[in-house]
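Working from the sequences, and respecting the hints, build out all of it.
Below are the chains, spelled out letter by letter.
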Amino acid sequence: MANINPDFAIELKKYGSVNFNACYNCGTCTAVCSLSTEEDSFPREMVRYSVLGLEDEIQASLKPWLCYYCGECSESCPRTANPGELMMALRRYLTAKYDWTGLSGLLYKSLPMSIIAFIVTAIAVIYYSFYESFNVEKIMHFGHLFEMISIAAVFSIILVPNIIRMWWMTVLKQKAKVPFTAYFKSIWDLIVHMFTQKRARDCDDNEFRWLEHLVLVIGYLSLLFTTVVLDWFGTDNLFIIILGYIESAIVFIVTVDFVSSRIKQKKEIAKFSQPSDWFFVIWLFLLGFTAFVVRVFIDLNLIETNLWMYLIHLTVLVQWALLIVPFGKWTHFLYRSFAMYFDKLLKEPVKA
Amino acid sequence: MKNKIGVYICQCGSNISDYVDVEKVKEAVMAEDVVLLSKTTMFACADSTQKEMASDIKEQNLDGLVVASCSPKLHLYTFRNVAIRAGLNPYNYVQVNIREQCSWAHSDKPKDATEKAIKLVLAGIHRAKHSVALKKQKISSENTVIVVGAGIAGMRSSIELANMGSQVYLIEREHFVGGRTSQWNELFTTGETGRDVISELYKQIKSNSNITLFTGAEVVSKSGSVGNFEIQVKITPRYIKPDCELDMEKFEKVLEVCPIEVEDDFNFGLNKRKAIYKNYPSEFPEIPAIDDKTCTRCGECVKLCPEIDFEQKVETLNLIAGAILLTTGFDPYEPKEGEFGYKTVDSVITLQQMKRLIELNNKELIYNGKKISKIGYIYCVGSRQSDGENKYCSRYCCTSAIHTGIITKEKYKNIQNFHFNRGIRTYGKQELLYHEASESGDVFLQFFDDTTPSITMNGKGPKVIIEDFLTKGKEIEVDLDLLVLVTGMVPRKERRISDILKVPIGRDKFYNEIHPKLRPVETVIDGVHIAGACQSPKNITESVKSALAAAAKANSLISKGEIELEPTLAIIDKSKCKSSGDCIKICPYDAIRTVEHDGKTVSEVNNSSCKGCGMCIPVCPENAIQLIGYTDIEIESMIEALI
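Heads up: the protein sequence lines correspond to chains D and R, in order.
Here the first sequence is numbered in my numbering, starting from 1 and rising by one per residue.
Here the second sequence is numbered in my numbering, starting from 353 and rising by one per residue.
Since the hints were made in silico from the structure, they are not lab data.
It cannot be assumed that every hint is accurate.
Said to hold, decoys possible - From chain R, some residues computed to sit far from chain D (all C-beta separations above 10 angstroms):
(1) Glu375
(2) Ile436
(3) Ser573
(4) Ser575
(5) Val585
(6) Glu601
(7) Lys645
(8) Gly690
(9) Cys745
(10) Lys765
(11) Leu797
(12) Thr823
(13) Lys826
(14) Glu827
(15) Glu829
(16) Arg847
To be verified - Restricting the straight-line Cα-Cα distance to at most 35 angstroms, the calculated cross-link-like pairs of lysine-lysine (DSBU-like) are:
(17) R/Lys723 - D/Lys14
(18) R/Lys715 - D/Lys14
(19) R/Lys912 - R/Lys586
(20) D/Lys14 - R/Lys761
(21) R/Lys425 - R/Lys574
(22) R/Lys490 - R/Lys354
(23) R/Lys487 - R/Lys471
(24) R/Lys695 - R/Lys765
(25) D/Lys267 - R/Lys715
(26) D/Lys14 - R/Lys765
(27) D/Lys109 - R/Lys765
(28) R/Lys665 - R/Lys743
(29) R/Lys761 - R/Lys624
(30) R/Lys812 - D/Lys14
(31) D/Lys109 - R/Lys726
(32) R/Lys826 - D/Lys344
(33) D/Lys109 - R/Lys826
(34) D/Lys109 - R/Lys763
(35) R/Lys354 - R/Lys391
Bear in mind the structure is a predicted one, so any value in this text is a computation, not a measurement.
Quick reminder that beta carbons are idealized off the backbone N, C-alpha and C, glycines included.
Written as structure tokens, this is what we have:
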């Protein structure tokens, strides 16, 4: 027995859902979806749960993560109920629910709060520079240190506890019997999905978008590795310097395409953009671009006299690491992979 | 006796000739001495064949015509017209059905089919042999129509009839016009109010000298028949002088002093009204009325208002009209006690009550002193019952409920609607309302015959538990403030008028037309037409459409001043009749009465009422009745030919 809660629609609207109440349950969305199967049937079911406001069912479901948003469902919906965008909104909603700090929900639902957060972090960076009297060496050293500390802190304080919460909501709470060995057997799937997102290739006409995405992920992760571990800004090794240039160029060139498709709104998936979507693509672009320019300044010996360039990069970096990675769209990359992993666990046959 | 008969045997392409040897039939027929000519033809109904038949009749001077082809339902009039064009009386034509009743039925036995066809055609020839030339009879008709019921269908058709030149007597049982339409506020898809529509029609009626409106009037008896109906109407007075000018202030004082309180039918029992009443200020006619049944004549009101006149008497009028149009409307279905919690759970009302409730509550929606925000609608209450009596769909209720939900949201704050439906049928343009409601956040949950929702009380209001098949049958609980039963249409409880006019009633208990597609506004009682929701559930648009169709049909029947009737009627041989009365009892059309003839009482057929059904013929102990066109000698000779 479940209690109906139509007010949930108001809540979901804050997460970016568009007109899903118009749904009359024809099931066209589910029929055209190339990822939906008899076992994992969506998006219609999720639309129905949302209309009735069955939050328990939604929080227990991994289905929003099984969708890679090709947009075909929204294109074929006879009621323009935008099932694809609803799935996106549900991912945002679930991100907020997994997050123990509650900051995800706050930033998703309120643009002013997001802007304030971005301003506060920027002020902090500038204040710190004052404190260090604009000493280039000190500040750049701190920047490198910050990268390492923030990765470790965000992972251990925010992301790992949130994934544990997700595991509790979708697996443990459902009282599903999962054989212990399955956790190990399925770990390879987790890694493969995390780095390749290969399931997205099954979406119709999605090869290019998938490839773009793959290149971006590899570029981003290797840039992270190059700056944090190989100390790109501090090294004299020509190979590492060129590698960093290529990686940062990949990041900002690919993101330019993502930003422009959101501006053009030609594709179904780019029709609706929430502030969180804009922040994600724009900050990723800025991250790659400012890193590239900073290194150019270093190579031309301009950075000593143009510290402002590094400060811009540092501000972007801090905002990215403290706001977007733990509480924004970046987490989808993790949750999606873990959703695939948990889904695999739940389907593992239990030995009698 | 006819002895120059022409016989045509149709092959109907190959529909007949594949199984019936038409050449053999032709030869067998030729052997009859009354047959002058016998031919087979590919298609008897083809233009060329019709022309050939006509020239044969003229050239060979035929005195009878037999066509053996398909059912007379298809081509009786085709070949009768051939006869007329060739100067032969159409009643000397006989059609024999050797397709539906022979070739198609016996396609497995062609030999026997041929034999049967020969016998059928011979029987036809024998009937033609004894056929008599007949003329359609003509009766005079009054160009006057009595319209019963001044709801939207009756009012609209009256105006149309009057504009076409017919006199109209518009008879309304209530003291005010408008019927159900005046009870609804905003109407769906157009947005104007029911009472605005009614006011407009009333103005037109009052300014039209061809229309006479009677309120408080009821038909009590009928005599006569099409062309000349005599209708007796009983008129209950309003007990207020007709020259009374309504002064609202004074009227309100009168309302205060009246001690009688009765349930207000206009508001479906949501409140009480006094014995002197007017349902809403702009209601027509303008003068209030005193309810004859409940007023005790205490005289309190007379003290305040000298225009009240208890001296007025019930009157009876005799009206004469050529045709009658029934537009008596519907009653909303009254749920049984306990049906979806009706009268057993608090805050369960009908859709019609809900509509009145919205009109009675201006700022906030209050029911039983409680503010309402969560409203549920259960659809198809009293309609589409698989076990109950009403199998039909009431057509208007899906749209009406959704529209009511929309206007509730527009009028009040914080309204949430839940629609427990059995599939939404908002056909045509009304679909947009469904879309609108759905987009605005109304929740739709579907149930089926075998999974009806259960309704219980949860302390604050009704609670509905429903299996939502769209979430794999999950049980969903919905707590409500008010539950509205979307009740459909049933025929009026009061059926006196149909008893008086003998209007046929269908299985659904609504009045029955002759043919739903081809003759949708006529009944088998000549001159009696039906329109609006008394015939079947209809929305206002559909009611008005049928009303206009009926107006045109009634006017075309009577406006020429005379009416042509089929000559196939029963005729009683008065010298044989011993007045047993059996024929009078069996006649379904009240067409036989007794008259004095040569010093004795005998039965006589009223030609304008007789439909030629033949029911009276076998019951006459004296064998004194013949059916023209089907006389004993014709039928007997057919039987002889068949055996």
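Structure-based check of all given hints:
1. Glu375: 60 angstroms, holds
2. Ile436: At roughly 57 angstroms from the nearest Cβ of chain D, R/Ile436 sits farther out than 10 angstroms, so the non-interface label holds.
3. Ser573: 54 angstroms, holds
4. Ser575: 56 angstroms, holds
5. Val585: 51 angstroms, holds
6. Glu601: 47 angstroms, holds
7. Lys645: 46 angstroms, holds
8. Gly690: It holds; R/Gly690 is separated from chain D by about 23 angstroms at its closest Cβ, greater than 10 angstroms.
9. Cys745: Nearest chain D Cβ is 19 angstroms from R/Cys745, so the label holds.
10. Lys765: The assertion about R/Lys765 holds, with a minimum of 14 angstroms to chain D.
11. Leu797: 8 angstroms, violated
12. Thr823: Label violated. Min Cβ-Cβ 5 angstroms, cutoff 10 angstroms.
13. Lys826: Check fails; 6 angstroms does not lie beyond 10 angstroms.
14. Glu827: 5 angstroms, violated
15. Glu829: 5 angstroms, violated
16. Arg847: Holds, because the least Cβ-Cβ distance between R/Arg847 and chain D comes to about 40 angstroms, which exceeds 10 angstroms.
17. R/Lys723 - D/Lys14: Roughly 28 angstroms between the alpha carbons, so the hint for R/Lys723 and D/Lys14 holds.
18. R/Lys715 - D/Lys14: Distance ~30 angstroms between R/Lys715 and D/Lys14 Cα, so the pair holds.
19. R/Lys912 - R/Lys586: 30 angstroms, holds
20. D/Lys14 - R/Lys761: 22 angstroms, holds
21. R/Lys425 - R/Lys574: 33 angstroms, holds
22. R/Lys490 - R/Lys354: Given pair R/Lys490, R/Lys354 holds - Cα atoms ~27 angstroms apart, limit 35 angstroms.
23. R/Lys487 - R/Lys471: 29 angstroms, holds
24. R/Lys695 - R/Lys765: 27 angstroms, holds
25. D/Lys267 - R/Lys715: 46 angstroms, violated
26. D/Lys14 - R/Lys765: 21 angstroms, holds
27. D/Lys109 - R/Lys765: 24 angstroms, holds
28. R/Lys665 - R/Lys743: This hinted pair is violated, its Cα atoms lying about 44 angstroms apart.
29. R/Lys761 - R/Lys624: Holds, at about 27 angstroms.
30. R/Lys812 - D/Lys14: Holds - the C-alpha atoms of D/Lys14 and R/Lys812 are around 31 angstroms apart, at most 35 angstroms.
31. D/Lys109 - R/Lys726: Roughly 27 angstroms separates the two Cα atoms, so the pair holds.
32. R/Lys826 - D/Lys344: Status holds; Cα separation ~25 angstroms.
33. D/Lys109 - R/Lys826: 30 angstroms, holds
34. D/Lys109 - R/Lys763: 30 angstroms, holds
35. R/Lys354 - R/Lys391: 18 angstroms, holds
Hints 11, 12, 13, 14, 15, 25, 28, counting from the list given before, are not met by this structure.
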